[in-house]
Every structure is written in C-alpha cells, then in structure tokens.
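Here is how the chains run, residue by residue.
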Amino acid sequence: MTDKTVGRRWVVKRGAVLAALAAAGMVVPKELFASWNKAAFEGKTADEVVKALGGSSAAASGEVQIIASDIAENGAVVPIQAVSRLANTQQIAILVLANPNVLAAVFDVGPDIVPDFTTRIKMSQTSNVIVLVKADGKFVSATKEIKVTLGGCGG
Amino acid sequence: MGSPMRIRAASKDGVTEVRILMNHEMETGQRRDGAGNVVPAWFIQEVKASLNGKNVMQAQWGPSIAKNPYLAFKVKGGKAGDKVSVTWVDNKGDSRTDEANVT
Chain A
0 MTDKTVGRRW VVKRGAVLAA LAAAGMVVPK ELFASWNKAA FEGKTADEVV
50 KALGGSSAAA SGEVQIIASD IAENGAVVPI QAVSRLANTQ QIAILVLANP
100 NVLAAVFDVG PDIVPDFTTR IKMSQTSNVI VLVKADGKFV SATKEIKVTL
150 GGCGG
Chain B
0 MGSPMRIRAA SKDGVTEVRI LMNHEMETGQ RRDGAGNVVP AWFIQEVKAS
50 LNGKNVMQAQ WGPSIAKNPY LAFKVKGGKA GDKVSVTWVD NKGDSRTDEA
100 NVT
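As given, the protein sequences belong to chains A and B, one line each in that order. According to numbering that gives the first Met the number 0, the first sequence holds residues 0 to 154 in order. According to numbering that gives the first Met the number 0, the second sequence holds residues 0 to 102 in order.
Calculated from the structure, these hints are not laboratory results. Take these hints with a grain of salt, some might be off.
[Stated by the list, open to error] Below, simulated SDA-like cross-link-like pairs (lysine to any residue); rule was C-alpha separation at most 25 Å, straight line:
| # | chain 1 | residue 1 | chain 2 | residue 2 |
| --- | --- | --- | --- | --- |
| 1 | A | K37 | B | N54 |
| 2 | B | K53 | A | Q90 |
| 3 | B | K66 | A | T142 |
| 4 | B | K66 | A | N87 |
So that you can see chain A by itself, here it is in the shape it has in the complex (with noise of 0.2 Å):
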C-alpha cells in the first residue's frame, strides 16, 4: 500500500512539473508574437478591426489605391496590391470583408519603406476588400470588390 501511495505522489509531483515545463513553453511563444494584435485579427467587422488598431473610424480617399483583377477564379490564392500615396503612412492593412476573420494583414510602414505591398490572400467568396492606411494619425481607406468563382475554405 505504502508503495502504492509513493507511486502516486510520484506521478503526480511528475505532472506538476510536465504543466510547469508546459506552461513555460507557452509563455516564449506569447513574448515572441507581443506585437501580434490578437483582438485586431479576431474582429469580426472592418469597425471592429479599425478598433483594435487604435483608429475610430476610416474615411475613403483617393490617395489610397487596390491594384486586384475585378474577378479571381481561385478564390484560395487571389493576388493583391495595396498602394498609399499618403505622405506620414505608417500602417497598410488589408480586410477581406467576407472571410470569418476580416483582417489579412498589416504592414508596418517604417521611413525607409514606400507603402506599396503585394501579396497573395485567400478569399472565401465574393467579397469587398478594403486597404486601410494609417497616415498622420487617422485612417483613411480604399474598397474593390473582388468577384470569387470558386472559394477559398475548400483549400
């Protein structure tokens, strides 16, 4: 019985470490993304994502440009460029008002960088897809409608 009982304290102070060892390895990764806006890339809503990047509301501008073709055949890898001619642009995002989470990306636009970014993104279905800059403090943004002709999700 003695036995037994030191068996079991044994495997539970075990456990007690494995959860500590497992708990600290979720903390590294947490530290490495500290600048990874989590409520910005959960948001629902392009308001919402605006939000969470610390704006309160994003008018439309002309100095803000989409570069896309009006129809995508796949809707897994759609092709897009996001421009600002703003002077001060400081963030460029990219929203995909469709897919279950709006927000694709955001670049950071330091001194060195013309704010002009290509990437490729993946779109669930016919949708409006939104640039939005940060210049000078405010958000101003940009909306194309991309057709999708077959979605995204099925991978």
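Fit chain B to the given chain A structure using the hints.
Using the frame of chain A, we list chain B on its own:
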C-alpha cells in the same frame, strides 16, 4: 524550421524591390478533415525584413494569407551586394530566416 524561402531583391533608381516566396501551409483553422475534425490553425503571424542588418519592414499576418505566401515590398536605398534578411514566425513558434543579396 520550415522549408527555405526564395528571396529576390533588385535595386533600381534608388529603390530596392524585395520579393519573397515562403513555404508554409497557412492552415486557417476553419477547415475540417475527412473525419469532420477541425484542422488546427497553422499560419505565419509575423514577418520581418532587414537591409544590411537594419530592420526595415515588419508585418503581422492572419490565416487568410494564401498558402505558400508571396510578399513583395519596396525599400528606399540598397545597392548591389547589400544583404536582405527575412524572418517569419508562425503561431506554433516555429521560425525561419533566409538571406539574399541585392542585385
């Protein structure tokens, strides 16, 4: 560690265009496998790039960046022979850094 990235950096008229092709599954966490289980999200969360050791670009990504992500950006300055370094970190804590010379 992930598979290597392909990086091209070309300097023209004082601006260096960096084009990167990363190897990553970019699983959204929305998809289900054949048995109906949700496939856990697995995607690149952060991307950083430096030119000659100076951090010039950083981005945060969500899972709706396409599989095997492509990214092109432009940075002022840079000349042939300069070193471009790109690092990504995914939501599982995996990361990878690759370098290329500006041409």
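Handout entry: Hint check against the structure, violated hint numbers in rising order
Key = 4
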